[in-house]
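Asks: Residue-level listing of the chains:
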Amino acid sequence: MSPRPGFVLEVDHSTPSTLFWHGEGYRLEQLPVGSRVLYAPEPVDALADPVGAIRRALDEPLGDAAPLRSQLRPGMQLTIAFDDVSLPLPPMRRPDARQLVIEQVLELAAEAGVDDVVLIAALALHRRMTDAELRHALGDRIFDAFAPHGLLWQHDAEDPDQLVHLGLTDQGEDVEINKRAATSDLLVYVNINLVAMDGGHKSVATGLASYKSLRHHHNAHTMAQSRSFMDQHRSELHSSNWRMGRLIAASGVKVFQIETNLNTDTFPEQFRFLQRREWEWTARDRAAFLASSTALGATPSRIARSIFHSIRAPHKMSSVQAGEVEAVHARTTENVYAQQLLEVDGQSDILTMGLPYICPYNVNSIMNPILVACLGLGYFFNMYRGQPLVRAGGVVIMSHPTPWAFHPGHHPSYIDFFEQVLAETTDPAEIGKYEESFATDPWYIHLYRTGNAYHGVHPFYMWYWCAHALEHVGAVIVVGGERAAVRRLGFKPASSMADALEMATDVVGRDPSITHLHSPPLLMADVQ
Amino acid sequence: MKGLVFERNLPRFAASRLVSVVGGSGRGVGVGPLRLTDVDPPELPGPQWHRVHPLLAGICGSDLSTVDGRSSRYFEDVVSFPFVPGHEVVGTLDDTDERVVIEPVLGCVPRAVVPPCPACAEGRTGGCERVAFGHLAPGLQIGFCRDTGGGWSAGGLVAHDAQLHAVPDALSDDDAVMVEPTACAVHAAVAARVEAGDTVAILGAGTLGLCTVAALTYLTRPATLLVGAKYAHQQRLAEELGADVVVVPGQLARAVRRRSRSLEASHTLTGGCDVVIDCVGSDESLAQALAMVRPRGRVVLVGMPGRVSLDLASLWHREVTVTGAYAYGIEDTGGLLRRTFDLSMEVVAAKGLGRLVSARYPIDRFEEALAHAGAAGRRGAVKVVFDLRARERHRGAGTDTKGPVP
Chain D
1 MSPRPGFVLE VDHSTPSTLF WHGEGYRLEQ LPVGSRVLYA PEPVDALADP
51 VGAIRRALDE PLGDAAPLRS QLRPGMQLTI AFDDVSLPLP PMRRPDARQL
101 VIEQVLELAA EAGVDDVVLI AALALHRRMT DAELRHALGD RIFDAFAPHG
151 LLWQHDAEDP DQLVHLGLTD QGEDVEINKR AATSDLLVYV NINLVAMDGG
201 HKSVATGLAS YKSLRHHHNA HTMAQSRSFM DQHRSELHSS NWRMGRLIAA
251 SGVKVFQIET NLNTDTFPEQ FRFLQRREWE WTARDRAAFL ASSTALGATP
301 SRIARSIFHS IRAPHKMSSV QAGEVEAVHA RTTENVYAQQ LLEVDGQSDI
351 LTMGLPYICP YNVNSIMNPI LVACLGLGYF FNMYRGQPLV RAGGVVIMSH
401 PTPWAFHPGH HPSYIDFFEQ VLAETTDPAE IGKYEESFAT DPWYIHLYRT
451 GNAYHGVHPF YMWYWCAHAL EHVGAVIVVG GERAAVRRLG FKPASSMADA
501 LEMATDVVGR DPSITHLHSP PLLMADVQ
Chain Z
529 MKGLVFERNL PRFAASRLVS VVGGSGRGVG VGPLRLTDVD PPELPGPQWH
579 RVHPLLAGIC GSDLSTVDGR SSRYFEDVVS FPFVPGHEVV GTLDDTDERV
629 VIEPVLGCVP RAVVPPCPAC AEGRTGGCER VAFGHLAPGL QIGFCRDTGG
679 GWSAGGLVAH DAQLHAVPDA LSDDDAVMVE PTACAVHAAV AARVEAGDTV
729 AILGAGTLGL CTVAALTYLT RPATLLVGAK YAHQQRLAEE LGADVVVVPG
779 QLARAVRRRS RSLEASHTLT GGCDVVIDCV GSDESLAQAL AMVRPRGRVV
829 LVGMPGRVSL DLASLWHREV TVTGAYAYGI EDTGGLLRRT FDLSMEVVAA
879 KGLGRLVSAR YPIDRFEEAL AHAGAAGRRG AVKVVFDLRA RERHRGAGTD
929 TKGPVP
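Note that the protein sequences, when read in sequence, are chains D and Z. Take the first sequence: its letter number 475 is residue 475 in the working numbering, and every next letter is one higher. Here the working numbering runs 528 ahead of the position in the second sequence, where the first position is 1.
In isolation and in its complexed conformation, chain D is listed as follows (with noise of 0.2 Å):
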């Protein structure tokens, strides 16, 4: 039987209530009468032969690339760049699909006699992995084989030795990007896509660059004018990176591209309420929710957060391509839309979500303020092809309990960002004259390449990740959020949705249109 497709539900008064994600915990908000709840697709099938799909496509290359075999020889220099721990979320359970692709890619380069092999973790200027996530993704012989080594790297952003300056792009953006990679007479480059954002280009145009190059796409002028950076083709990230990637081809660099879609079954079995439809709940769901709604009522932050950090998504691969950068990743676009487009009828003046405690930049760390604003506005709010769900002036709802706190080894400047520079100023556009100062810090550096900290600039991305939706609605209001830390953000905080929708209608009027973008599953709303 073929995954049911999304679902638009209104609200009508038999209507049980709405499942919240709320951090690390959930709500149940009985939505106003009317009200419109986006329910996504079902997840899509998963591939019965997921190495054999891979080693198909290896073989079977897209666009005008060779096969993965006739391009290796002995004595050549190999370079595999890899999606960090960013993705999937919430991590998946063994084997993760970058083993899965990394082992028949090593597989055909031993019988093709490579030797130099290195692989490399594209961070950009995320935190470095620790050994445990490292062996997490690449599975147990991988890091075996290379770790011990000293072959299998992170890519080090801020060491001049280890990058290459390619040129300018026809606009004037510097392209730097990791020299092993760019030297090397293959780059092999293993992705996932879990949402329209990731891949094409952008996997080594950003994955593998320097701050040098990404000052020029991750800015709050190319985030405002990317409307929204879900949709490739209204998105001035992604044409950034587009041309980047082109003058990275043209310089002689050769990425042989491989890109997997994950389904969207995100929860295992002790959560599978948290993405079934409401009045589909079972018994058993309903015993879980409770049980688990009032385990975690009683369980101190900290501790629940590591509870829901040790969780392992069910995510299955649903489609594996390779080859041609270009080519590949439009087909892993069609495949992303198939399994997550939910067509939806026109925009409304409030829009809520409920943000979970996951995010791509908080794996196995704390969920902070300049996270959650940038996992409801910038993320959530940017789930969209052709108009955003919430109306230019609208309001924007996030259930989150916003805590302020950090984590002080993965989020150091995330810390000083938010107690100096939101302090003066919430306006994207202003923060920009903080950048490069948070951008050179030597500490922030230091930390960055030394241990598992974000780079400086980082919170600086977080915050222009926020500026389309920030220029777009009229107030964002946070339920169940610390006040202290909402209002720093430049929101409003409501004890509840009731209040929150109250509040609202100060900004959009009485009798408001409420869309509600419901998750689990993940889902990107087609908005005619």
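To be clear, the hints were calculated from the coordinates, so they are not data collected in a lab. Mixed in with the good hints, there may be bad ones.
[Said to hold, decoys possible] Pair ranges (Cβ atoms, derived):
1. D:ARG93 x Z:GLY725: 51 to 59 Å
2. Z:ALA877 x D:PRO160: 27 to 35 Å
3. D:THR440 x Z:ASP839: 31 to 39 Å
4. D:HIS446 x Z:THR849: 26 to 34 Å
5. Z:THR849 x D:PRO160: 32 to 40 Å
6. Z:ASP839 x D:ALA249: 42 to 50 Å
7. D:SER310 x Z:ARG893: 53 to 61 Å
8. D:THR440 x Z:GLY725: 57 to 65 Å
9. D:ILE307 x Z:ARG563: 53 to 61 Å
[To be verified] A few chain D residues that face chain Z, going by a derived Cβ cut-off under 7 Å, partial list only:
10. ASP416
11. GLU419
12. ASP441
Just so it is clear, CB atoms sit at the ideal spot from N, CA and C, and this is done for glycine as well.
Using the hints provided, position chain Z relative to the given structure of chain D.
Replies: For chain Z alone, kept in the frame of chain D given last:
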């Protein structure tokens, strides 16, 4: 005349300490050695002495330490019991009705020590070597000496010519009562030896911290002045008085690190501020100061410390200078020698420091006043004072410029 007297009574001293530890500063007054009683005006010790009728008398951090039983035993030999506290005083001279503020240090001149000690000979009365000697009972200041009385008494006090400073008409009583604490801040600002372009951090934004912000920005030109202030009203005042960056104390080290672009090792900045001025004087504040001052930088202790436990390894390794800044005397401001109190009056006038007076109490409500002062930050206050002007109004000499007692 009613006045507050502090007696030597060890059981009450211990009881006060216990209650203040449990209930908070200023809460142990009821069981402590401070009592409201009839106080006779003190005798004039000599021909150059005058009786002063207090108008306003401030409650200082050192007063609270004494009342709470927290003050260091170091002071045992330089005070004499029983004494009337109160050394932040604006009053009127009994003989001329002139409004004066008191420079309370009891140096060689008031003590009639001849020849004066080297410090007093140079005008550095705060460094007087004879505060326990001479023809007066021991007492480093008026307000800690049995013979002089203090500001917390309607019966008044006595002060030597050398200790009197006429108050210009332009200064209100509230301004004038801030002259003494501001003089301490002026002395600290000079002791900090701030050079143009320096980064300076001030820990604490109570009375002394805020006065130091005012004095520093009036007398020196730091490139950046950062202040750690716990409460919202303190933060607002610190900004108004000229601080460039005001954050809660827990954020101060990070703010300093960002501006100095320093690294960190062993919970200490590798660079940091040129000068840190500690207006708190606790173990924590001293440790914080040492962690954020640059190598060969300077830490100035303005808040009165007692016995503290501190790891001095970083001080040794980074060759940090730690210096105290007590009281006042003569200041060298770019080669020009000026009395600290004269500079202080300028700072008070220029910065409008009378605004720091938050509450005024009559002397018979001393328990409320001390509890208020002990919780000043939490209660949105800065300086709490005793208002003794009722007697003066009765004499037709009232100069009240602000509202009534709270």
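Asks: Let me make sure I understand: some of the numbered hints might not hold for this structure. Which ones are they, in numerical order?
Replies: 2, 6, 8
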